[in-house]
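There are 2 protein chains.
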Amino acid sequence: MNAATGPVAIVGGGLIGISWSALFQAFGHDVALYEPADSARELVIGRVERLRAQLADVLPVKSVPGNIRVTGVLEDALSDACWIQENTPEDISIKRDVYSEIEKFAPPEVTIASSTSSFVWSTLSARMMEPQRLITAHPFNPPHLMPLVELYGRDVARVTAAVEFYRSCGRHPVVLKREAVGHIANRLSSALWREAVNMVAEGIADVSAIDEALVYGPGLRWSVVGAHMAYHLGGGPGGIEHYLAHLGPSQEQRWKDLGNPSLDAKTQELLIAGVRAEAAGRDISTLETQRDDGLIAAQIALRSRRP
Amino acid sequence: MNAATGPVAIVGGGLIGISWSALFQAFGHDVALYEPADSARELVIGRVERLRAQLADVLPVKSVPGNIRVTGVLEDALSDACWIQENTPEDISIKRDVYSEIEKFAPPEVTIASSTSSFVWSTLSARMMEPQRLITAHPFNPPHLMPLVELYGRDVARVTAAVEFYRSCGRHPVVLKREAVGHIANRLSSALWREAVNMVAEGIADVSAIDEALVYGPGLRWSVVGAHMAYHLGGGPGGIEHYLAHLGPSQEQRWKDLGNPSLDAKTQELLIAGVRAEAAGRDISTLETQRDDGLIAAQIALRSRRP
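The listed protein sequences correspond, in order, to chains H and F. Be aware that the first sequence starts at 12, since it is given in this note's numbering, and climbs by one per residue. Be aware that the second sequence starts at 12, since it is given in this note's numbering, and climbs by one per residue.
Fair warning: there could be bad hints in the mix.
Same chains, same names: a pair is fine if it fits in one copy or spans any two.
What the hints assert, rightly or not - SDA-like mimics (lysine to any residue), calculated; alpha carbons at most 25 Å apart, straight line:
(1) K73 x K267
(2) K267 x F116
(3) K73 x R178
(4) K115 x G83
Simulated from the structure, these hints should not be mistaken for lab results. Given the structure is predicted, the values throughout are model-derived calculations rather than measurements.
Start from the sequences and build out the full structure, keeping to the hints where you can.
Next comes the structure, spelled out in structure tokens:
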């Protein structure tokens, strides 16, 4: 199961499959891409090359990329694959059929990583002979440029191998403890957009103002520190504990329109422990310095591009 | 009311007042800071200087900064001010008392800009002799580094002057059409954090995984394009209309846990019209190119900083 050194099979040559192909090829993997539609197959090589060119500005790619071949025969793409990245349409019948076919041709020790955005592991794997070989490995959009990969699987060794594999290709994987529709990032995005749409519908601000407020405000901040860490640093020297004690109630008040969790004692404990683990021994002052370095660098970089 | 060329009065020398002082001074304004607490006053000059040093990496500051003087007498700080930035604690009595005092000493043509995060314009201005002279001008945290300023006021000329003034100091102001508690950005942040806390409480993922998913996923994206624009670019060549037609229903399903708006025909029209205005004649391909340039630049900048 040495994913890092063998060929990768890409199942499905749409945007996501193309993006994965560019990434894996750039990091020296040979890629075999299966795409059933003739017209789409013809476009693959050119599209993958263009994406690979963009990647070189962003990541420490290999000087010699892997090879790529494109086929309309699934068995052909799977023949010596060490890793299988599945990127078929978000249709449960299509996906289950494809897993059934893959299981005929690829031995069980080869992990099937599904790029699914909508389905959870237990739904996808329900009819498989070897469900443990499936993991969900969801990229973010646009896939060839975004570092995030969200992982879930029931086989710890496979998930660990997945973390190493995607890291070796310059991605930043995170692992879910429990499967969830939308994984993590799209749930966060959906929650935020819900309030954005609410503000548009209520006439509070127009789309541009809301988008700009995000880009020049929390978006910029969240490209450097996460939501919890931001509050940990927004509570002064007392950190997240101080934030929760003093501003927790006002957040809960605002949430009354938004949903169901409460900042009860148990949840506060989870948050505090989680932030402490994330701080990993770094004190507030150190965290603030690192955050500011990131904000400065990102702003300089962004500012130089503004038309 | 020529804010761009005159001295600025800063009322309140906490973090927000210090940050504004650094900003205005860096752009050539003389600053007069009022802070009632002796111990805090002693720290102002040093703190402002340190923040100004950070600003120089980020913004096109003037080679010769404005002067700064610190006083414990409010009337003294207001004496020749062309602009008043109020940064007192988030306590309505404190703020109303301070406006009452300011109105005694500063003529009505001088705008009072409140940095309030919690209160809306109508609450703040309720007891003023000249309520129209008040605007809310809320910075984001950390104030000396974040470009966003959220503006609301009832006097169009003053709000317009505020936009020009903050822009002249390197800020990126946005204007609300209707006052709202939390303005825009903190409403978005609160909506997102609500789901983040939900995922922690439900055991879906831990704090670190959620924060990383945000930083390496939507946070990074939202430092370049807003939430609406991201969906506009996530709908393929059909844009936001296509996105709403095909993925609107799944978003609404997910929102059932989150809140109250619906994607009815009227709301869809507002969204489509708003995105069109934001696109300002640029086509999908142009928008995608600009987005990718931003993602590349930000990632290079961020990557070079990672410990």
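Hint check results:
1. In the homo-oligomer, the alpha carbons of K73 and K267 never lie at most 25 Å apart, since the shortest distance is 51 Å inside one protomer and 46 Å across protomers.
2. For the homomeric pair K267 and F116, neither the shortest alpha-carbon distance inside one copy (52 Å) nor that between copies (42 Å) is at most 25 Å.
3. In this homomeric assembly, K73 and R178 come within 25 Å of each other (Cα to Cα) only inside a single copy, at 14 Å, whereas the closest approach across copies is 43 Å.
4. When the C-alpha separation of K115 and G83 is checked against a cutoff of 25 Å, the pair qualifies only within one copy, where the shortest distance is 17 Å, while the shortest distance between copies is 81 Å.
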